[in-house]
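Trainee: Listed here are the chains, written in short residue letters.
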Amino acid sequence: EVQLVESGGGLVQPGRSLKLSCVASGFTFSNYGMNWIRQAPGKGLEWVAYISSGSSYIYYAETVKGRFTISRDNAKNTLYLQMTSLRSEDTALYYCARSLRVAYRSWDYWGQGVMVTVSS
Amino acid sequence: DIQMTQSPSFLSASVGDRVTINCKASQNINKYLDWYQQKLGEAPKLLIYNTNSLHTGIPSRFSGSGSGTDFTLTISSLQPEDVATYFCLQHNSGYTFGAGTKLELK
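As they're listed, the protein sequences go chains H and G. Residue numbering for the first sequence follows this note's numbering, starting at 1 and increasing by one per position. Residue numbering for the second sequence follows this note's numbering, starting at 1 and increasing by one per position.
Simulated from the structure, these hints should not be mistaken for laboratory data. Treat each hint with caution, since some may be false.
To be verified - Here are the simulated distance ranges between beta carbons:
1. G/Pro80 - H/Gly54: 42 to 52 Å
2. H/Leu11 - G/Leu40: 23 to 33 Å
3. H/Tyr59 - G/Pro80: 33 to 43 Å
4. G/Ser63 - H/Val102: 16 to 26 Å
5. H/Glu62 - G/Ser9: 35 to 45 Å
6. H/Ser7 - G/Ser26: 35 to 45 Å
7. H/Ser120 - G/Gly94: 41 to 51 Å
8. H/Ser7 - G/Leu105: 17 to 27 Å
What you are looking at is a predicted structure, and each value in this text was computed from that prediction instead of being measured. The beta-carbon is built from N, C-alpha and C at its ideal position, and this holds for glycine as well.
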């Protein structure tokens, strides 16, 4: 069974940093591209970042480019999101999601999400 | 940026009904439109990708159609477990989500 479990969220002050993790199981992690997607309270979903299976291709939403870094450790089956210079508008539930192998811009499995609250 | 207009926002239907949900793109998105289902307190679940490809394990009562700017998700015979919010996602140019359709049982 495919499982994605996020962790690392919490309350953080504006301007500070936070690192999210997503541990994958039930599939060969190194074969799949991965994504971070977020949902602000009461708002719609927003794609944040993508990393290919071997980390050769990395893409970011304009809203986080230069502040967030996506990375992965295939030996540990873990996806990361390093978030710096956090702003109140980064407050959201952050999901990690697996890309389909046949259509990498579609996401077939999602974690339950981890909440990040940016507030003083 | 591409805008997605999803309708209706809210839908009430009976078990066994045929249900349709629509998404209209502000410009041509070719076939790059997915449909997701999200139940309260759960992560989104992929139903259909690239307009009409049924994701593995999804019941055949779900189907997708359309091209260019107009797309439709159809549930051929509504079941109680289909109560959820449904949203579309275009990924032809960047990513844009529809605002969602909340489906409830009448």
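Trainee: Run every hint past the structure and note whether it holds.
Mentor: So, going through the hints one by one against the coordinates:
Checked against the hint of 42 to 52 Å, the pair G/Pro80 and H/Gly54 passes, with Cβ atoms roughly 43 Å apart. Look at H/Leu11 against G/Leu40: about 24 Å separates their beta carbons, and that is inside 23 to 33 Å. A hinted range of 33 to 43 Å holds for the C-beta pair H/Tyr59 and G/Pro80, which are about 39 Å apart. The hint said 16 to 26 Å for the Cβ distance between G/Ser63 and H/Val102, and at roughly 18 Å that hint holds.
Taken as a hint, the range 35 to 45 Å is violated for the pair H/Glu62 and G/Ser9, whose Cβ atoms sit roughly 27 Å apart. For H/Ser7 and G/Ser26, the Cβ-Cβ distance of about 37 Å falls inside the hinted range of 35 to 45 Å, so the restraint holds. The hint said 41 to 51 Å for the Cβ distance between H/Ser120 and G/Gly94, and at roughly 31 Å that hint is violated. Checked against the given bound of 17 to 27 Å, the beta carbons of H/Ser7 and G/Leu105, roughly 36 Å apart, lie outside it.
This entry does not satisfy hints 5, 7 and 8, going by the numbered hints stated previously.
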